[in-house]
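S.K.: Anchor point for the sequence shown: position 96 equals 96 in full-length UniProt numbering, and the numbering is continuous, going up by one each time.
Certain hints may be false.
What the hints assert, rightly or not - Cβ pair distances, simulated, as ranges:
1) 262 with 239: 21 to 31 Å
2) 36 with 93: 22 to 32 Å
3) 100 with 238: 42 to 52 Å
4) 167 with 237: 13 to 23 Å
5) 205 with 278: 39 to 49 Å
6) 194 with 233: 23 to 33 Å
7) 251 with 205: 30 to 40 Å
8) 228 with 200: 19 to 29 Å
9) 32 with 200: 30 to 40 Å
10) 61 with 96: 28 to 38 Å
11) 180 with 93: 27 to 37 Å
FYI, nobody ran anything at the bench for these hints, they're computed from the structure.
If you're wondering where the values come from, they're calculated on a predicted model, not measured in any experiment.
Where is the CB? At the ideal position from N, CA and C, for every residue including glycine.
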Amino acid sequence: MDVTEQLQALKLKYKSVEVEKLIPVDFDLGNLVAYDTNSVDVEELRKNGDRYLHDIAREGTQLLLNQIFALPTESSPEGVYAKLPAGTTVVPRAKPIPKDKPLTRWEKFAKVKGIQKKKTSRKTYDESVQEYKPKWGYQGANNTADDWIKEVPDRADPMEDQYEKAREEKTARVTKNKTQERRNLQEAAATAAGQNPRDVRKAEVRKKILESKGATASMGRFDKQLKNEDAVKVKRTKRKFESATQDGAAEKEGVMNVVKKVLKGEDGKLINMTTAVKHVHQKGGMKVVDMDEGKKKKQKGRSKK
1 MDVTEQLQAL KLKYKSVEVE KLIPVDFDLG NLVAYDTNSV DVEELRKNGD RYLHDIAREG
61 TQLLLNQIFA LPTESSPEGV YAKLPAGTTV VPRAKPIPKD KPLTRWEKFA KVKGIQKKKT
121 SRKTYDESVQ EYKPKWGYQG ANNTADDWIK EVPDRADPME DQYEKAREEK TARVTKNKTQ
181 ERRNLQEAAA TAAGQNPRDV RKAEVRKKIL ESKGATASMG RFDKQLKNED AVKVKRTKRK
241 FESATQDGAA EKEGVMNVVK KVLKGEDGKL INMTTAVKHV HQKGGMKVVD MDEGKKKKQK
301 GRSKK
């Protein structure tokens, strides 16, 4: 076999990387997509369907790889990478666009009044140590533990504990912030549900008033009511009765369950000790059964008067 025959054999074994198409193929290298708009040979597809589709897919993939290898590359410890351009195909979103976060009460007020948020420095100058410190947090300037002495205002009570007053004011500020945060979350949830936060809050207040009125001894029945005030509705547990026309199988099953509970007891126990002892004491009984030793002991109990 001469060299020409060897080259011909290699050529038949490995296909060329050059592919010719009647209509040029469009590429979207950002999304690694190739669009082949050439017409399909219907007769060849009917004769050799799988082979024909395999050849078309191979040619399209080869053209796409040729375009990728022509892109600029960059090296890294993991290997060589090709820099892909931005994609041109508009791909629909898998999920809808997220909705804007509802504005808080302060953000709404600032938007109406035109108040712009100013970025301030996180640190402030502490004159006591002659250096800059964070306004809050670790080693902050607002650390009350460093205030070993406090000045009593002129109009303040001289016997008032200024340290206790500062702690109470801080607790009040923290409570107020938590209340406002909870209110903002409730308003945001109402807005997201398409409801008016003010109407939701009114409904909650009205519900709490009715619940508090029903918490009296008479459950609000004999309490004084205001004009046009909603009456207190007492919710009672609805009693459930067995159907009088149930089939025999269901009735038999219910009776057998009762018999099994009486003979075997719940969960293998012969008797519920807590309920039994309570019942004996209420009836003024005088006998206590020791289940561990299996003996009966007599004990003087409370007599019923």
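S.K.: Which numbered conditions among the earlier hints are violated in the structure presented, ordered from lowest to highest?
M.R.: Violated hints (numbers, rising): 4, 7 and 9; every other hint is consistent with the structure.
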